[in-house]
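*Asks:* Given chain A, put chain B in place with the hints provided.
For the record, the sequence lines run as chains A and B. At position 71 of the first sequence (counting the first as 1) the number is 71 in the working numbering, and the numbers step up by one without a gap. At position 231 of the second sequence (counting the first as 1) the number is 1231 in the working numbering, and the numbers step up by one without a gap.
Sample of chain B residues facing chain A (criterion: CB under 10 Å; computed from the structure): (1) Ala1264; (2) Asp1394; (3) Val1397.
In case anyone wonders, no lab produced these hints; they're calculated from the structure. A virtual CB, placed ideally from N, CA and C, is assigned to each residue, including glycine.
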Amino acid sequence: MNFDLSDEQELLQDTVRQFAANECPPPRVRAIFDGEDGHDTALWKGLVELGLGAVAVPDEFGGAGLELLDQALVAEVLGAAALPGPFLGHSLAGLAILWGGSDAQKKTWLPKLASGERVGTVAFAEGDARWQPEEWTLAGGPTLSGVKSALPFGAHADLLVVGTAGGGLALVERGARGLAVQAQPGVDRTRRIAEARFDATPAEPLPNGVGASARVRDAGLVLLAADAFGGAQKLLEMSVEYAKTRQQFGVTIGSFQGLKHQLANMAVEVEPARGLYWYAAHAFDRVPAESARSAALAKAHLTQVFMQAARDSVEAHGGIGFTWECDVQIYFKRAMFDRAFLGTPSVHRERAAALAGW
Amino acid sequence: MDLSYSAEYEAFRGELKAFLAGSWPLRGDEAKLAGDKRAALFRERAIAAGFLARSIPKRYGGSEQPADVLKAQIIREEFARARAPGEMAGIGPSMLVPTLLEKGSEWQKEKFIAPTVRGDIVWCQGYSEPGSGSDLASLQTRAELVGDEWVINGQKIWTSGAHRADYMFCLCRTEPAAQKHGGISYLLLSMKQPGIEVRPLRQMTGAADFNEVFFTDARTPKDWIVGKRGEGWIVSRTTLKHERNMIGDAANALMTFNALVHLAKSALRNGKPAIQDPAIRQRLVQLEGTVRAHQYSGYRQLTKAAKGQDPGRVQLMNKLVSTNIGQEVAKLALDLLGDEGLLEPGERQMGMGPRDAAQWVGQFMWSLGSAVAGGTANIQRNVIGERGLGLPRDAAVQRS
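Just chain B, with the same shape it has in the complex:
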């Protein structure tokens, strides 16, 4: 057991730090560019230097580096320290690109991957429907092949960023005669067309990050299908295999916890810092136990992955652990806020840095988002129970 990195990795860290020192922040005239332009310019250089888009071949705009989870971790650490823009965030780089790399046709990879990785085009994900949430495979949005085009009719919901997206990757029913999972195809389509209407959904926080999307004879070319007809369900299960971030969730949980400690030190109770209150101390340390456990569990998963071993079923638990921590942080924060908990929520604050009272109120609401989005906490419990613990499926549930 040794939490330090070997000389080889420390040498890599040295090269990386030298690169960052010379490249970020931008200098001279470049420093005057708009924020997203600066980030794009920096990312281009970081890709050329081999520090970003590492799992993506050079011909698709990546830096094509051998998979190395430890180097990936060092890159995240040093980029965070330098506050440099990391991998493009969003559903396109995180979900579509790995799917295309594994299942896409050659022309699809050439056309879509490079601009997605650069951030030139933005994607949204068309999965959930009003009648198909946890039971996603029951989806009803239809796509029919008419001549050289798919004609799409139906509705998607909870579509994050649909109002900003250039394209959607979408699950549609193309084989109505086939059984549930086998009737679905994975289509790509342009959001900029008359057959698509995007209506924002206002969330409890007041912001509108997700939408309803209505399709009325929307169209997409015949070959904008990933995988074959009826293979969409399998295609959609493709996950990021290379350099998956084993400890990203835990690092975020630790940062949020540290922000909470900061709040407990600054909030007052009876004229004294709340952190001197015995009940608050108990709750903080209790929560820290879970946060540290999550962190060390991440270290172990990272070690296993670096050795080419399966980290085991504990991987299936990461999301639920993060969700649980987020909820506990939010509840304790609201107690610490006291009458400031009467304020309306502020803008969402991610990552490091102290939050103001309104942002903590926002966090109190957003922490529930994580229990719902991307598979509800109860669905996570099913996955842990069935795939992790090997418990039998519920006989009464119709799965196909």
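Chain A on its own, in the form it takes in the complex:
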């Protein structure tokens, strides 16, 4: 019975934490957040040099050869740092090719994604909250025509993994004929989104895409859950810190029971919930029968916890919490992203109920 991290996993998290503290402290997060482009190539280069571009891709393809749990542990730390960049979409693109691609596709693309030479992303959403593989309607084939939205860093991506009708997956390269990518005004400026329009655009189907797409979605749910836990934990720390420093009525406001109880309630919602993403990642790697449902449960629960923690944190910070200058707003918007991307909590709760046979 060992429900804890290994020494190597602790070290992995420490390494990423150190990287984020050195290379992307809050002022840099704010600068990227406020910037026009949103993609800091130097920061991204540093991240892929640590092997974080393809954590769960085997080393024969240039990846770190670890598991989804390790990738999720990285996502937690990046979430806590609100680190801007294409980690999510890029990771999912790599996993889609690893699980759905031909040998040739794997050999062509995975090393380039792992090294960061190319940026990958996923094109899943079709509007009307259609995110799930079984809901995709864009017809597959040698060419694609239609629209996909909310591609993470779609405007910066060299390679798109596109979800097609029947739960298939297909590769489209940047600059392909008939492809028009347009940045969308996304709320989370640490994870820019774009819309992709395909007009008879040449595409290369992944031969095992139909088998892989649900698994890619589940991996995405786990990574979002991990990110949400990291963000929620950070918000708790920020709110507690503020309550220990801010003075009113001649005393530290954290001594007031009203605020103390709000913070205690936040801690009780956030901290015991870490194991939800750990277990979902563990099940994904080792307990296939529980994999899909654990991922849905973790995503639904933790992204809702993150969103509520963000709302509570604004209140706990008072007026300053409602300003653009306060970092709470950055986490608030990351919570909105985590909540909506790949489907809202209620969608995944209904899926979890169905997967239980209820």
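*Replies:* This is chain B only, laid out in the frame that chain A set:
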């Protein structure tokens, strides 16, 4: 990360299962004994085999095993599976025995521990008073040393099981001149004496599990004090250190949740099982998220404890999480019951097994008991805020 047990532990589980298969239920003439006699006989054998009373030395009636939280967990799992009687329940074995082991004198350990562990004597806890609830250290029940005896006057309240108890462990003010916490002593006393009057308190459920206890020149011998005079507050803070059940609360929460799912499947809405109702499904899965989080948090605390590491502040949250889950289960259950929610509450149902409608109504009320008993939910929030998050205490609160 690996949720299975190593070969060594699986071997231990094998021995345990063999013991249980041969020992429970009792057979032959022994099977005809009364229920509590059967349980007592079985416990005696389980202690001799090293499966119960593990943290208690042999000379005090225990089985004196090295502390091992994983073995303790396996024992709970297998005893539950075999539906065999586990450790004696009650405030005596759970609170008094660990306190005596740590702070009691030799004669106290010899006299009280073995019969308490066997269930031959039953204890109640004299802590709360009408004017001293959350602010327990303000208690006013006085004990004065007169010759060789303490003479006790005052009143305790919310005393669970006082009407059945043989003895009480009691906090009394013995040093009126000392400051608040320093004036309290921890006394043991017999409940079977003329100076004690027990009056039952009827609860909202209709049952009477707790009481008021009045002391009018009640007496107890001079040496029935645990620790020194004025050390009672510290003595009362002693908690169970060995093999503490890290996941007991979570296991109970999961069982209650499973019973709720069962209810949702059997209750009808518009002629269909309620579990097909989209709103009910949302609420069930939302609740399951909290229940699973609690379970995994327990696994992690268990792992930390097995490695000799501090599980951290998340331990302070267990009770409040359990309370929150209990309340949410109760509210959803009442919605599922529909017009059966008009019934009066039935007897309290613990642990596994489906509940009937009246028992769910009971649960709806009992779930509030957990938000009040043993430190209210708001006191838990203070503890989490102050000891867990390091927030300052309220300057206006008089603590000493």
